[in-house]
Amino acid sequence: MKIDYLLKMANQIAAGFAATPDEAAASREVAGHLRRFWAPQMRRQLVEHVDSRRGEGLSELVIRAVGDLR
Amino acid sequence: MKQICDIDHGTPASTSAERVTLTIDGCSVTVPAGTSLMRAASEMGNSIPKLCASDSLKPFGSCRLCLVEIEGRRGYPASCTTPAEAGMVVRTQSEKLAELRRGVMELYVSDHPLDCLTCPANGNCELQTAAGRVGLREVRYGAGANHHDAASRRPADASNPYFAYDPAKCIVCTRCVRACDDIQGTFALTIAGRGFASRMVAGEDQPYLESECVSCGACVAACPTGSLMEKSLIARGQAHGSTVTTCAYCGVGCALKVETQGSEIVRIVPHEAGGANRGHACVKGRFAWGYATHRDRIAKPMIRAGIGEPWREVSWEEALNRAASELRRIQAKHGRNAVGGITSSRCTNEETYLVQKLMRAALGTNNVDTCARVCHSPTGYGLKQTLGEAAGTQAFDSIAHADVVMLIGANSTAAHPVFASRLKQRLRRGARLIVIDPRGIELARSPHIAADWHLKLRPGTNVAVLNALAHVIVTEGLVDEGFVRERCEIDSFEAWRDFVARPENSPEAMAAVSGVPAEAVRGAARLYAQAGNAAIYYGLGVTEHSQGSTAVMAIAALAMATGNIGREGVGVNPLRGQNNVQGAGDMGSFPHEFTGYRHVGDDAVRAAFEAEWGAALDPEPGLRLPNMLEAAHEGALRALYIQGEDIVQSDPNSQHVAAALQAMECVIVQDLFLNETAHYAHVFLPGSSFLEKDGTFTNSERRISPVRQVMPPLGGMADWQVTQALANALGYPMRYGHPAEIMDEIARLTPTFRGVSHEKLERFGSLQWPCTEDASAGTPTMHVGSFVRGKGRFLPTPYVATSEKAGPRFPLLLTTGRILSQYNVGTQTRRTGNNAWYKEDLIEIHPHDAAERNIRDGDWVGVASRAGETVLRATVTERVQPGVCYTTFHFPESGANVLTTDNSDWATNCPEYKVTAVQVVRVTQPSAWQQRRRRFAEEQARLRPKAEHVSEA
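These protein sequence lines map, in sequence, to chains D and B.
51 is the number of the first residue of the first sequence in my numbering; add one for each residue after it.
73 is the number of the first residue of the second sequence in my numbering; add one for each residue after it.
It is worth saying that the hints were derived from the structure and are not from the lab.
Careful, some of the hints might be misleading.
[Claimed, not checked] Cβ-Cβ distance ranges computed for the label pairs, FRET-style:
| hint | chain 1 | residue 1 | chain 2 | residue 2 | range |
| --- | --- | --- | --- | --- | --- |
| 1 | B | A679 | D | S102 | 31 to 39 angstroms |
| 2 | D | I53 | B | T949 | 38 to 46 angstroms |
| 3 | D | A75 | B | K911 | 53 to 61 angstroms |
| 4 | D | A75 | B | S858 | 18 to 26 angstroms |
| 5 | B | P805 | D | A75 | 31 to 39 angstroms |
[Stated by the list, open to error] Result set (SDA-like, lysine to any residue): computed pairs, CA atoms no more than 25 angstroms apart in a straight line:
| hint | chain 1 | residue 1 | chain 2 | residue 2 |
| --- | --- | --- | --- | --- |
| 6 | B | K877 | D | A69 |
| 7 | D | K52 | B | T874 |
| 8 | D | K52 | B | A735 |
Cβ atoms here follow ideal geometry from the backbone N, Cα and C, with glycine treated the same way.
In isolation and in its complexed conformation, chain B is listed as follows:
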């Protein structure tokens, strides 16, 4: 799919079902009512010159270039703001229109630097194109006041690491301002001054970087000239080709268009037709791709005898043979279950599938797990138990039909920014919002958004609050009895109803536990239950708790009890952390399940896999990731194959994880970089970024989207090829020629993927599973008419307080999360310009707690928990409530996960990242752990071969 330019129809498509027929330039045209004349003409192939219009923005009607003539009407209306009407007769071109347009263009061009040949927009400038289209041949206005000569021009703003703003090239069309408002919802830009003095400014006339701009790039995409332009494009010139692919950051799964010169990236822009993002992106997906060619990339396989030994670069063959022989040696000596594997939620479905196949079929063990274990495994468990399928129920488009949104434990503007923008668009059109979060997140209250209710609960009390909400719904007669009677198991509903109706679950009783006033819980419950269409969106603030699975089941119960499931605008929507967390689960990465969430103990399912794979498979579940680490401490697990996950930094109780790895005889790391985990590795296999391979990712809305190769793998092999080569080295043949063949095998073995193929993805763009014979185009909304499991199941959800409690030694509760510009362990974003916004992990502490400890903003503070100690810089803020601290885990030297404990969700072992009891004190030097880590990292750096480096981005 090579393309550069999308057609811009000038105004958004109308969704009206009514059709109107009119005549444009002598041709009869039928369009949905509400379609602008500009769009109607464009769709029939007669695009009208324009400057201020774009089909991603509401019509504005300021540039006066798109004028048309309408029979029977006086004047020359703007086609962008004039809706098509039945019977209209429209002319888009005439002598008079041409004269008017030339006159308008002449004025624009009279105040524009005519440096077209050296302008970076040359070849892709709408002003230049419009001048050509109207036939501008002269500019009669002589020298005079302008915005572009040496004496008049304002300095360009190059403060943003990724794009520059040159006011001299600005035509004040306001597309950037409207993009920031209407698409992104940040309102960071405005037009300052009046008349000739009008100009676009960021913030309060600040450099971009200092303003509230979140660098989503919507303004750059909207700019019709070279005024706002990517620095990479300014440096390299216009692209020669483009490839549509899927973002490899968060679980939104934005479709991106990678513009290239050969295999070099010129820029990445959001793809207009992307089903998940609808033409929008964020600072990570759009701009933070420089890591792919960063000098730290490891492009050659390496081996070493022990973690204190120097790395030695070797051939792929030698590295793979070493890995295979070590795995076989350890199995021969300690049994087949002495080895384990970790699939990556960053890799493609096809690659993830191959790793679990290798573990089960080639090595004969079900000891395989994935990073979904540490984020959304409770979603899989909870939704499977209640609704029958381990996935969210809606498409992102569904948000446009929601009347009330309940956002639980999800800081979406930071972690799922494109979803957050779509949510804000809906809120600006009147939807109401309930936020359940211990922190004052942006969506709870910020200059342009205010939730109706913010239930600012104590960390660890989600279930208490959810039960209290259910209590109100049940006791105030807000249950959708008809829905429950028709769609759900009545016995289970009645047991759940009786349970939540107990006095101990009332908002008044639970207030003491959660800290949330009863009247707020009652107000939120009434708003949710009486909304019409009410949708729940939730994140890791729900799952990463000792009761994560219980909370998911409580959420499903709320949706079922109020009939908010099975249509657009409602549902239960987990916001997945990583790009392919959903896919990793779908692909059979959990130790107890094959693809499609089918248990290894199911004889019929296992027989199908045994027949396809030609190997006997273990009918018993294997070890989960935390179990594997425990087993390693005891000497029962001695080798681990880790594809694309940095468990030392990302998993809880880092010192415990590191000690487990240190206890192993063979750690095989397949990754882009020598990360924290690779410091404990014996074999390093170079991984490939999403730009270097073909395959698919599956996002939070079950959307399977294509990943397409843009550049060759730096190490010579894509990740699926590496796993295949390892299988072959183990003596288990794999002979795939392309990931499409792997997907064909997945489809053969997996009912919900039966209708999926790469060929079909080329035709449809993306597909939401289940994609079966009955639903060959996929399933945007699940559980329509009936639940996957038949009847919806309610389960009692008792609140059980976590054993991780604050007390005299550790009086504060620490919760962890993410910020916008960095991504998870930061392996990628730390190697990009995103450090301009966040270059170290900070700990937020409430002013009251800070004052008690004599801590000021910016002080170094020691943070101690039952698991370990670290030192971070303090931010004193009321975003956190008294008694609560918050930090991120983007930088390895910060050690946020040195603090988090082994506590985990009761059903899935998902770590309790969100609740750690800590003490915070002022300090003057790094913690003992940080000093040890620095020495160890320096030693490991010395053990690296002096390799030639790839070019630095």
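So here's chain D without its partners, still in its complex pose:
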């Protein structure tokens, strides 16, 4: 899939959990959401993007969540 499509969705998910009081909990929520609702190939592409492009275009929360995803 086009990476921009995935980045936009991932950032939206992070914004949805942004008000979670604890940062670590917010990261776990985002990672949990991705694990629960994203097909494996979408998650793989996101992780590869973080690895290869240092998460360019992603919010900090998504980048942290990708760490939890691995």
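With the hints as your guide, set chain B onto chain D.
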């Protein structure tokens, strides 16, 4: 369940718990206090002759036919208006009563055309029956002034496409007028004139079609003679039999009685015992069934090599083998996840279940989704997160106990008309109403309804307004602390409370965002929180946003914080769009969940399915529908099996959807018609309408209702049989003999359906899930005593503005929706008489915005968004606020979804249909897209085989 006539007890049942015992015709009878003598007698089997009374209407006491004698009382009171009292001794028949009734009947009949043998009501006429029952043998009054001879009769009104009004047969009983007022709540009918000149008129003495009549049919159902009668019945005669089934239009799920001669429909009427509709229906369910036998129906399977090739009619076997071999070929070459499936919210639970089973078990992929994705997926997510179950909390009956109703993003009089009528009934009895909607919908203000508060917000700011309402409740001490302490997670409540109490969430701060004055938000919040029983009902105006899921969670929080959950009259009530959206979700149509909303990654759940299905199942979620389309653009998804959904017309950014389909190697469409999506198909499998199969639908209130076959499938197979045959062609055996066996399997695998079976539905009529060992008769009200998830969970709901913003290029915000007479993509209703009310999609624009653009009512206007352009005819109206436009998507040539974008809800990918930035300008010709679409549609029409057509309705 074959039946024609329901017993009409004459007056509504009393709900009183108190009982009174009296004597009627020498028999002791005990009835609830408040029961009329007419009903008490009828229930014991002694029905009293009547004309103006009906148990769907309040007693009126005008016809003077139902007179009785009461010991110790003078005169002959009307039994319909006299309540039963303890110790009463009543006679329903005597010489004197017989004489009086004959005298009354004689007067009625003296002014009635005695054309009984050729009258369409013959065999089902209450006047005729009453004359027989009172023993009328002569009419002593000779020729004179009347309403029915050639010189006197007024012309019949045949303007309505579905029923005719013949004033000559009217006995002025006013049942039609009272049905319109009391049941439907439209007040379109009245009695004009006095005395002998009295007559029923529609509107201001207009033809029905030109009046404000909404063609619900309540007046026709109420008419005791042939004065108001369905044209289909006039043409065909009285029915020979009837079948009770469930409507296949909106999520109200009305029970209908289909009256037939053989397998031909004579008429469809609402079923009195229907739990969702209580004997009412709307212009779609009651009348718009002609599509089922329309000449456009495709009854033979077809295949073709490419979308530019002509269709070739083939046998079922050849079509199914082509579909199966293509799916297997593509999987062999590109992997098992190169294929996907879409279940239909229009099909039955059993059919939906089979499609997802086929995808997961036969094809080994979780790439399965449903049209619920594009409407109420945020409801499933939001309510599961907060309350623990992905469904509404109440039965529709609950509305009768609500003191305050908050209606959010739901134009119910158009989209859920029977619910709207029940809401209006409650409002007329004193309940208060809060409307949150960008448009001036009928329920916000119309001649007979006025909301206490109409929060006319800017599109896309629901969460801002909901947070502001919560802010008032939290900061003004309106929280039900006891409920929260006992029933909810305190930590989550405190975090939510602290969040909504922040100054940036105050009504004053949010006014700049939402456009709603702070005092209106404060007034609405106080009314809701202090109501006693406050209920929230919401629609797609909540879910179809980039923050749809957040809004659902904010709604759940409001209900929990004020203790408005877990009893009648309160709750969180999503009004589902299609007839079986709830069911499609329940049946495991989402790519990450099996039936009952259980994740595919749950090892124990998956093991149960693997054992039952005899196949290894993927523990990872599959692709959602929008993801599938994206994957198709990249070549990763190459085949799609679509049952009963026209994604080219209904999904956002139509051109993007069409291009995705065009990129696929095999598109299999199973549908009634060659719809817009079928233009991109390689295999077409004829679908069956709800009249052609058995099964169940599940409505907005979790009510599982039976769907019963009335006529054989035109294509020879019901949809469940087609899916079964496809599975078998794929080498995965399915051997169901009847949908009841499929439901038995669902019940074995799904805790919330454990107690459901077709046999039980025959006994109960319908069942609301959860239907378990503990609640074998179903569960009308959920979360009583405790939440499904244990403690209710509050979640912070920050307002995040959509990225779809108005600006210099696209200065207006377009929101989309539905109107009463058409239904969604219009595949069905466009092929009925409903076009009499709405034959093209229109765009509403505020007079100020229109004037700025030199646009007048009726002008063609070009509408451009970031996704595409189309041309529509303008309606200049103050229903929309300045800066906002509104249109519908019922006609494919309109292209409303050419305009909508790929923006979607953050949690579920539900499209943001409700916010699209657009520019509107006057134009003189169709858009380039419309011209391309017309050429493409014409080309596709030429590629159709010259098939013999089924009869036109």
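A quick look at each hint next to the structure:
1. B:A679 / D:S102: 31 to 39 angstroms: holds, 37 angstroms
2. D:I53 / B:T949: 38 to 46 angstroms: At 43 angstroms between Cβs, range holds.
3. D:A75 / B:K911: 53 to 61 angstroms: holds, 54 angstroms
4. D:A75 / B:S858: 18 to 26 angstroms: Given a distance of about 25 angstroms, which is inside 18 to 26 angstroms, the answer is holds.
5. B:P805 / D:A75: 31 to 39 angstroms: Check failed, 47 angstroms falls outside 31 to 39 angstroms.
6. B:K877 / D:A69: holds, 23 angstroms
7. D:K52 / B:T874: At roughly 21 angstroms apart (the allowed maximum being 25 angstroms), B:T874 and D:K52 satisfy the hint.
8. D:K52 / B:A735: Roughly 15 angstroms separates the two Cα atoms, so the pair holds.
This entry does not satisfy hint 5, going by the numbered hints stated previously; all others are met.
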